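Student: Please construct the entire structure, taking both the sequences and the accompanying hints into account.
Protein sequences, first through last, are from chains E, C and W.
Taking the UniProt record's numbering, the leading residue of the first sequence gets 1, the next gets one more, and so forth.
Taking the UniProt record's numbering, the leading residue of the second sequence gets 1, the next gets one more, and so forth.
Taking the UniProt record's numbering, the leading residue of the third sequence gets 1, the next gets one more, and so forth.
No wet-lab data here; the hints were simulated from the structure.
This structure is a prediction, so every number in the text was calculated from the model and none was measured.
The C-beta atom is built at its ideal place from N, Cα and C for all residues, glycine as well.
Accuracy of the hints is not assured; some may be wrong.
Examples of chain W residues lying across from chain E (beta carbon under 10 angstroms, computed) [stated by the list, open to error]:
(1) Arg74
(2) Phe76
(3) Glu140
(4) Val317
(5) Phe324
(6) Val328
(7) Leu338
(8) Arg347
(9) Leu375
(10) Ala376
(11) Thr384
(12) Tyr447
(13) Ala455
(14) Tyr457
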Amino acid sequence: MTWLPAASVHAGQVDILLGGLLLISLAVLGLVFGLMLLNIIRFRVGSRVPVSAETVAHKSWRFEIAWTSVTLAVFFALFLWAARLYVVGFQPPSGAIQIYVTGKQWMWKVQYPGGQREINALHVPLGRPVQLLLTSEDVIHDFSIPALRIKHDVLPRRYQSLWFTATQVGAFRFYCTQFCGIGHSRMTGTLIVLTPTDYANWLGQTPASGSLATRGEALFIHNGCSGCHVSQPYSPGADDTSRAPSMVGLYGSQTMGPDGQRVKVDNAFLHDAILHTATVSGQAAAYATQMPSYRGVLAEEDLAALIAYIQTLSPSRLSGVGMSASPERKGN
Amino acid sequence: MSEHLAPYDSPRHRDETAIAGMWLFLASEILLFGGLFLIFVVYSHTRAAGWALGVRHTNLMIGGINTALLLTSSMAYTLGVDAARNENARGVILAGLSAAGLGVTFLCLKGWEWHTELADHLFPGPGFALGGPQAGGAQLFYSFYFLSTALHGLHMLVGIGLIGWICLRTYRGRSAPLIAMPVEVVGLYWSFVDLVWVLLFPVLYLIGRV
Amino acid sequence: MAPTSDPQTMQRSYLWQDGTLRSWLLTTDHKRIALLYMASITAFFVLGSLGAALIRLHLISPTGAILSDETYSRMFTMHGIVMVWLFLVPSIPVTLGNFLVPLMLGAPDLAFPRLNLISWYLFVMAGALVVYGLFRGGLETGWTFYTPLSTDYTQGRVLPVVAGVFLSGFSSIATGVNFIISIHQLRAPGLTWYRLPLMLWALYATSVIFVLATPVLSITLVLLAFEHVFHVGVFDPALGGDPLLFQHLFWFYSHPAVYIMILPGMGVVSEVVSTFCHKPVFGYRFVAWSSISIAAIGFLVWGHHMFVAGTSLYAAVVFSMLSFLVSVPSAIKVFNWLGTMHGGAIRLDAPMLYALGFIGLFTVGGLTGLFLASLASDVHLTQTYFVVAHFHYIMVGGMVSAYFAGLHYWWPKITGRMYPEMWGRTAAALLFFGFNLTFFPQFLLGYEGMPRRYATYPAQFQVLNVLSSAGASILALAYILPLIYFIWSLFRGARATANPWQATGLEWRTSSPPPTENFIEPPVVTHDAYDYAALDHPAPAPQAEPPHV
Numbered sequence: 001m002t003w004l005p006a007a008s009v010h011a012g013q014v015d016i017l018l019g020g021l022l023l024i025s026l027a028v029l030g031l032v033f034g035l036m037l038l039n040i041i042r043f044r045v046g047s048r049v050p051v052s053a054e055t056v057a058h059k060s061w062r063f064e065i066a067w068t069s070v071t072l073a074v075f076f077a078l079f080l081w082a083a084r085l086y087v088v089g090f091q092p093p094s095g096a097i098q099i100y101v102t103g104k105q106w107m108w109k110v111q112y113p114g115g116q117r118e119i120n121a122l123h124v125p126l127g128r129p130v131q132l133l134l135t136s137e138d139v140i141h142d143f144s145i146p147a148l149r150i151k152h153d154v155l156p157r158r159y160q161s162l163w164f165t166a167t168q169v170g171a172f173r174f175y176c177t178q179f180c181g182i183g184h185s186r187m188t189g190t191l192i193v194l195t196p197t198d199y200a201n202w203l204g205q206t207p208a209s210g211s212l213a214t215r216g217e218a219l220f221i222h223n224g225c226s227g228c229h230v231s232q233p234y235s236p237g238a239d240d241t242s243r244a245p246s247m248v249g250l251y252g253s254q255t256m257g258p259d260g261q262r263v264k265v266d267n268a269f270l271h272d273a274i275l276h277t278a279t280v281s282g283q284a285a286a287y288a289t290q291m292p293s294y295r296g297v298l299a300e301e302d303l304a305a306l307i308a309y310i311q312t313l314s315p316s317r318l319s320g321v322g323m324s325a326s327p328e329r330k331g332n
Numbered sequence: 001m002s003e004h005l006a007p008y009d010s011p012r013h014r015d016e017t018a019i020a021g022m023w024l025f026l027a028s029e030i031l032l033f034g035g036l037f038l039i040f041v042v043y044s045h046t047r048a049a050g051w052a053l054g055v056r057h058t059n060l061m062i063g064g065i066n067t068a069l070l071l072t073s074s075m076a077y078t079l080g081v082d083a084a085r086n087e088n089a090r091g092v093i094l095a096g097l098s099a100a101g102l103g104v105t106f107l108c109l110k111g112w113e114w115h116t117e118l119a120d121h122l123f124p125g126p127g128f129a130l131g132g133p134q135a136g137g138a139q140l141f142y143s144f145y146f147l148s149t150a151l152h153g154l155h156m157l158v159g160i161g162l163i164g165w166i167c168l169r170t171y172r173g174r175s176a177p178l179i180a181m182p183v184e185v186v187g188l189y190w191s192f193v194d195l196v197w198v199l200l201f202p203v204l205y206l207i208g209r210v
Numbered sequence: 001m002a003p004t005s006d007p008q009t010m011q012r013s014y015l016w017q018d019g020t021l022r023s024w025l026l027t028t029d030h031k032r033i034a035l036l037y038m039a040s041i042t043a044f045f046v047l048g049s050l051g052a053a054l055i056r057l058h059l060i061s062p063t064g065a066i067l068s069d070e071t072y073s074r075m076f077t078m079h080g081i082v083m084v085w086l087f088l089v090p091s092i093p094v095t096l097g098n099f100l101v102p103l104m105l106g107a108p109d110l111a112f113p114r115l116n117l118i119s120w121y122l123f124v125m126a127g128a129l130v131v132y133g134l135f136r137g138g139l140e141t142g143w144t145f146y147t148p149l150s151t152d153y154t155q156g157r158v159l160p161v162v163a164g165v166f167l168s169g170f171s172s173i174a175t176g177v178n179f180i181i182s183i184h185q186l187r188a189p190g191l192t193w194y195r196l197p198l199m200l201w202a203l204y205a206t207s208v209i210f211v212l213a214t215p216v217l218s219i220t221l222v223l224l225a226f227e228h229v230f231h232v233g234v235f236d237p238a239l240g241g242d243p244l245l246f247q248h249l250f251w252f253y254s255h256p257a258v259y260i261m262i263l264p265g266m267g268v269v270s271e272v273v274s275t276f277c278h279k280p281v282f283g284y285r286f287v288a289w290s291s292i293s294i295a296a297i298g299f300l301v302w303g304h305h306m307f308v309a310g311t312s313l314y315a316a317v318v319f320s321m322l323s324f325l326v327s328v329p330s331a332i333k334v335f336n337w338l339g340t341m342h343g344g345a346i347r348l349d350a351p352m353l354y355a356l357g358f359i360g361l362f363t364v365g366g367l368t369g370l371f372l373a374s375l376a377s378d379v380h381l382t383q384t385y386f387v388v389a390h391f392h393y394i395m396v397g398g399m400v401s402a403y404f405a406g407l408h409y410w411w412p413k414i415t416g417r418m419y420p421e422m423w424g425r426t427a428a429a430l431l432f433f434g435f436n437l438t439f440f441p442q443f444l445l446g447y448e449g450m451p452r453r454y455a456t457y458p459a460q461f462q463v464l465n466v467l468s469s470a471g472a473s474i475l476a477l478a479y480i481l482p483l484i485y486f487i488w489s490l491f492r493g494a495r496a497t498a499n500p501w502q503a504t505g506l507e508w509r510t511s512s513p514p515p516t517e518n519f520i521e522p523p524v525v526t527h528d529a530y531d532y533a534a535l536d537h538p539a540p541a542p543q544a545e546p547p548h549v
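Tutor: Okay, structure coming up:
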């Protein structure tokens with residue numbers, strides 16, 4: 001049995017938090033069991049030690065207030081400490097490598113920006129932030145990497161984000177940790193952290209059917225998206241956006257949501273917009289034609305490719321921002 | 001309600017206990033419908049357009065008539081409770097029968113409404129009548145519609161049964177002095193069923209219609 | 001004081017007054033209904049334990065020793081559903097609670113005796129439906145029924161199982177209504193709220209959760225069944241629904257349900273600790289109100305089951321803070337029990353050993369709960385064996401210990417016979433050690449990252465799994481022993497006096513076992529709860545006591 005490695009800075013910080021929790025727990029346990037034993041020895045029926053009257057008649061409320069407030073203070077400190085570490089998970093750094101991970105009963109499908117794909121294995125470079133974009137084709141799964149101390153549920157038809165920067169070369173196991181049917185325990189795989197050069201070599205050697213964005217471009221044309229949506233800034237008719245919004249510069253911009261609030265165009269937004277157009281209904285009235293739903297036409301892998309392609313049309317905004325799960329990014 | 005070992009000190013104590021029990025049960029019922037209303041709160045917000053599309057397809061006419069019927073029924077029964085307090089058995093039976101009759105009419109109309117809706121393919125599923133981009137939200141609305149009206153209808157059936165039981169036991173016990181407590185307990189329940197409808201009516205027929 | 005249970009007492013006791021099967025099945029006597037319940041939940045406990053035994057046996061080998069993946073999934077689903085809804089949730093309230101509430105109140109019965117009987121029949125029907133579903137076809141969703149797995153992706157028998165759980169909810173609500181109204185309406189003269197035994201405070205808090213949380217589970221299950229049959233899309237993302245909504249609704253019930261399971265246990269421990277220290281409970285009002293505040297705050301913490309589920313950051317932060325808050329009243333209870341021991345006259349009979357086991361194991365369970373209430377550590381530990389170990393420390397280490405403490409403590413009152421003390425202590429010790437050996441390794445497994453509900457696992461986890469399985473066999477012995485000596489004591493146990501433990505509650509003022517009407521003379525209360533001075537040196541006449549509020 002090997003002790004669980006900590007393969008990222010975050011993992012180390014979580015371990016320190018766990019250590020702190022463990023110390024507090026041991027102290028409290030020592031107190032509880034110690035007092036219990038002392039009481040039993042001292043006050044057991046038949047014990048010789050005489051019990052003074054003042055031992056029996058305590059002023060209870062002082063004790064009550066004391067231990068209630070001490071407990072509260074310790075708990076509040078723990079809460080703050082743990083919450084600060086958790087918030088980090090919602091703030092993927094810009095420039096992270098975006099890798100699409102799709103769960104289905106019972107395997108993990110992984111797609112790289114360069115078009116490489118693999119199943120139940122995930123290759124990442126050492127020292128570079130990686131953002132996983134997680135979605136599921138059927139039930140709820142959960143992508144868990146114990147060596148990095150992170151996990152996140154993987155929900156059907158929406159994107160969840162998980163990011164990390166690996167700091168240790170090696171192979172680490174990842175698991176599905178949300179029960180997803182009888183093959184649940186076979187839904188595991190290996191995270192392989194490579195040095196940047198090894199990673200580049202690995203990318204080069206792995207066959208790829210064009211980059212993800214290239215495949216997306218083909219899908220964009222093949223599925224007739226280009227019939228309505230403009231995708232090149234200076235093409236003929238680029239100013240004619242009466243039929244449908246232009247894809248140029250769309251990613252990362254603000255648009256009108258279903259109830260008139262402004263929402264940001266991100267991966268989750270595009271994903272929903274392509275599958276069921278309800279979420280962009282606020283704008284639909286502005287265009288002459290109504291976009292059909294591509295539910296059942298496009299698989300999750302195709303969607304990932306399309307979104308990767310649409311991202312390339314807004315080069316200035318391309319970054320690791322804009323997950324459905326992320327609230328406004330704060331500076332800290 | 002004479003138990004072999006009645007734990008009550010006096011008839012009054014017994015009546016208070018029974019009425020308190022009914023109130024507590026209704027608190028539980030509120031949470032039951034509360035969970036259902038959460039569906040409305042969430043989806044009428046996140047899927048507002050589709051939800052409103054669904055609302056526009058409900059039959060306001062029948063809904064309105066039913067609301068009037070149920071309010072009248074509740075009023076009739078309340079008169080019965082009053083009669084019971086005055087030990088007027090005839091009044092109780094009369095009020096009970098009219099309240100139950102109005103309730104049955106409500107259910108018949110509701111059944112007719114359901115029948116037309118099913119014929120129009122408004123039950124969510126593959127053959128759902130409303131197409132277009134808002135079909136999903138409208139289907140969610142109709143899921144809520146059918147489930148909530150079914151659940152409310154079930155409560156109506158139980159209530160009508162209870163009122164029937166009240167009428168029967170009052171009729172059979174004509175000779176003895178009338179005990180008002182069971183009439184009141186059933187009255188609490190019937191008013192609750194009425195109240196649920198008063199909340200369901202705007203949710204199903206009005207909010208989002210215009 | 002009532003006399004020792006001589007043959008005449010036995011004759012007029014509730015047990016023997018009318019011995020026909022018909023009189024048992026149609027009884028409205030809360031004591032007999034408690035025994036009917038006890039028989040049923042014991043059967044379900046045996047069934048759930050057999051499931052657990054198979055699970056532990058299977059996990060001896062990393063590739064799975066005996067079951068297929070499918071059977072394994074069905075087995076842990078069965079174990080979870082049976083244990084949660086057919087054993088843990090009803091356990092103490094419907095058995096000890098049913099038996100004791102009227103006795104502690106000084107009343108002849110519960111407020112609604114017939115409703116009580118109906119609730120038992122509902123429970124039996126619920127159990128039958130669940131067992132039918134689980135064994136004719138089976139179900140592989142886990143006890144949590146997460147959508148869309150349970151609605152669209154299972155071949156299992158969702159409907160009968162869900163219908164059974166739904167019915168058991170009605171039974172819970174009936175019991176809750178009965179307890180609350182009884183405590184309000186049927187208190188003996190002089191029994192003010194602050195004179196109630198802490199067991200009743202705990203059961204009152206439990207009943208509030210029964211009445212207010214269970215209906216939310218009911219409607220959730222109705223929605224689930226509706227979705228499963230018609231595929232309408234309430235929780236199905238493919239049709240526009242939201243699977244997280246199911247989780248919110250489910251945990252809105254199921255987290256308070258944890259307090260349904262543990263609060264009555266805390267009530268039992270308060271009674272037992274006070275009696276075996278022969279000293280009033282330290283900080284009576286704090287212990288009483290901590291039960292109520294646990295029930296109240298317990299409604300606001302369901303989101304801590306969803307820190308990695310995809311809810312918003314703000315929701316997670318708020319739920320984390322509230323989860324820390326809800327553990328404060330539990331900590332207060334533990335400190336007060338220790339304070340009660342201080343300066344007492346401690347006797348270590350079997351009930352006390354079980355109660356001390358409860359305090360220790362519950363503390364471990366509570367402290368590891370902090371690991372899961374803390375956001376960043378929860379992300380690492382949730383959905384692993386750490387969670388499994390944590391809630392078994394609360395449910396088995398806590399709740400089952402308390403149930404056994406209560407059974408041993410009130411066994412003389414229920415049956416009129418003493419259990420064999422030496423065997424009782426042996427079983428209590430076995431439970432403590434067997435339990436720790438079973439579940440402590442699972443904390444380590446969880447930290448190492450072993451996910452729960454895995455039929456097979458990487459070989460590196462085997463040592464700890466084998467340890468855990470070994471502990472389970474000791475735990476099984478600790479369950480079987482009481483079953484044997486309790487049955488033995490029914491026929492051969494020493495006859496019990498009315499008050500064998502020198503305890504103060506009203507239930508000890510009547511004979512063991514009590515007569516059908518509970519008290520020959522309706523009792524009048526003139527002292528606070530746990531007034532041992534009044535018990536040891538009874539005042540010549542009750543009116544000498546000043547009225548107390």
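Student: Which constraints among the numbered hints does this structure fail? Numbers only, ascending.
Tutor: none
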